[in-house]
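Spelled out, the chains give:
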Amino acid sequence: MLRLDALTKTYKTGDQALKAVTVDVPPGQVIALIGPSGAGKSTLIRCINRLVEPTSGSVMLEDINLTSLKPGALRRERRRMGMIFQEYALVERLTVMENVLSGRLGYVGFWRSVTRRFPQKDVDEAFRLLDRVGLLHMADKRADQLSGGQRQRVGICRALIQDPALLLVDEPTASLDPKTSRQIMRLICELCAERGLAAIINIHDVALAQMFVARVIGLRFGEVVYDGGPDGLTPDKLTEIYGEEDWEATIEKVDDDADTTIEAAE
Amino acid sequence: MSAAAPALGDMLGTRWRRPPMIQRVWLRYALLVGLAAYLVAAIASVEVDWGRVYQGLDRGAAFVMAFAQPDFVSRADAIWAGMVESIVITVASSVVGILISIPIALGAARNIAPVPVYMICRGIIAVSRALQEIIVAILLVAIFGFGPLAGFLTLSFATIGFLSKLLAEDIESMDRSQAEAVRATGARWSQWIDYGVKPQVIPRLIGLSMYRIDINFRESAILGLVGAGGIGATLNTAFDRYEYDTAAAILIIIIGIVMALEYLSGVIRARVQ
Amino acid sequence: MPVLETANGAEWRLRNQREALTRWAAWLVGVVIFLWCWARISDATTWFFVWDAPRIAGDILDRATPPRWSYMDNLWLPIWDTLNIATLGTIGALILAVPVAFLAARNTTPSALFVRPIALLIIVSTRSINSLIWALLLIAIIGPGVFAGIIAIAIRSIGFCAKLLYEAIEEIDQTQVEAITATGASRWQVMVYGIVPQIMPAFAGISVFRWDINIRESTVLGLVGAGGIGLQLQASLNTLAWPQVSLILLVILAAVVLSEWVSAKVRGAII
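As they're listed, the protein sequences go chains A, B and C.
For the first sequence, the working numbering begins at 1 and goes up steadily by one.
For the second sequence, the working numbering begins at 1001 and goes up steadily by one.
For the third sequence, the working numbering begins at 2001 and goes up steadily by one.
The set of hints was computed from the structure by calculation and includes no laboratory data.
In this text, all values refer to a predicted model and were calculated from it rather than measured experimentally.
Cross-link-like lysine to aspartate or glutamate pairs, in silico, EDC-like; alpha carbons within 20 Å at most: (1) A:K237 x A:D205; (2) B:K1198 x B:D1170; (3) A:K179 x A:D205; (4) A:K141 x A:D131; (5) A:K19 x A:E223; (6) A:K141 x B:D1010; (7) A:K70 x C:E2178; (8) C:K2163 x B:E1262; (9) A:K19 x A:D5; (10) A:K121 x B:D1010; (11) A:K237 x A:E223; (12) A:K12 x A:E53.
Next comes chain A alone, as it looks inside the complex (with noise of 0.2 Å):
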């Protein structure tokens, strides 16, 4: 469904962030995208949806060739691909409602959206979103009152209902504590199950995504290291994406066979 074909970002300062990465996600696909800080992460998201214009390459969103649209026709295709992001992004100083049925600025019309007339079924869209993330009694208060979890629960809110094929996730859980921040994964794994979404998520934290997802991707210096399932990311293949000074302390989150590996690498 979405294809990235050789897909590379040369930044002005001449940091190659990614070096022709090619990645075929299938409909309905969740995809963890692993590696070290600096790796590219986020500009792949980015340049999906083209937030950061790639250098060379394609994206491929089913038969639409992503980077060659212009600017009219980029926005219809970013209507189909939800972001969700680090620090939640919301518009901190509109209420829940607004930010959740910003989601569907790419569908109204300029005036509409100035006078917050939403279509009627938008609204009822959502409210179903908020209630299914039990924000309901939340609507009308504005962001900058919401805790960091219900924030991301909103952020989720405004993403889907865009109505998505695929999701860009950029590090949802970075900024939430260890609970929150599994009861988001789970959430948007869930959602994504419910409607048959694909996303690409973004994370650092390995055994967050060894727990909720079905393919993992390893990024190093913008390439790709690792593409297979969650449980071929043996203390060897940790080690090639992340470095062997980064990777102590990053098998240390991966739970039980934690010390095993620990000192199976020294």
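We have chain A already, so just place chains B and C on it with the hints.
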């Protein structure tokens, strides 16, 4: 979740409106109606002689054109003398104003000064801030006669109010522990100010002084309108005689100097911080 | 070298000799410049009047008290005009300042190379010139009156408001904008949903702040003929009617204090 948790079934199909900023309905409409009524009354009371405005368009165009061809030459002597006087007033009043405002700022900071001194200094600041430059200039011209002395005194006085207030606020919000550490060494009051307070406040003092010099220059350009010296008199004459090209030249010089001052203060502030 | 070798052994100094010298030289130059400036002011001053100043000041004070309270009846209309000049001028300035600010902010300007410098030029030129000078200019063009005062206040305030506003726009949280962009919203929708809510508090604060300043400025615009209470001040000064002058100054003082109080209250309520 609260007891009044809404049921999804009740809310589906209901319209959603953004909650209004003012919850009380009558107050919201009262404010709106009041505002509209004021605007209508205000606009209605402005008498505009459209015929005069229409005639003025030519002169406006002439003035805009004058900016393309400013005349620096025909009144060069007057412009030069006025500009020098403006700059002289700016420099002198800034120096004196800044020097006087430092002790007053110390006196107006709650955490340093005893209460009687605090009250006196705050009083000086309040008077200086409440009186506008141009009104002070009028009074001083009446008292001291025409000339740059009145302008110099006006701007010095205005600088005191501006700088002392902001500086005093800065002293009040400074880091106490640094100042206390110096006091703990057994320093005298003057030493305490020198070592505990001064280093924290100096960068801000320099930044604010630069800003005030900028303001003083801009203000010095209007002092001449009431006879307190500076370029304002020349400018006023140019407008009176409809010599737009000369007026444009003066305005361009003012804008240029203000831009240079802003650039300079940016550089200096970046350096001290 | 901050440590100085002297006959009594090493001595610590804050600065080395070269630095100390340049510093002294800079101070010396500064003092000379100041003294020169002072000499010029002194030359242009008739010192006889200055020595006579205390007597004149006492004389004026004597004549100005008590204020002529009955003159108050002639002041209500000018006060209303003054308020209108400030308020309408502020509104006009805001309407013009908003687009200028968006054109000047690095993250919203359509072209950093061409449009932004023009916007910055508008900001600096309107800001550099005092509203009294704008008033003089407008009176020469469209004739004296309240209308010229409103326009003068509006023009003078554009640069001020636009400068503060574009700084606020440059400080917004860019990820919120990114999130709205990612939904497929158009450029204008991103503006309304992603940027405007973030700068609303700054906008409200700036408006009230500027309105407060404009009340002060509009009280003196009349001095050059641009309407408001300054007209009465000018007339009273010309006829040396000092009791009226003192009353008008009291009214202006009250207006300034009142507007500052209102502005502080409103800003407190917003933030």
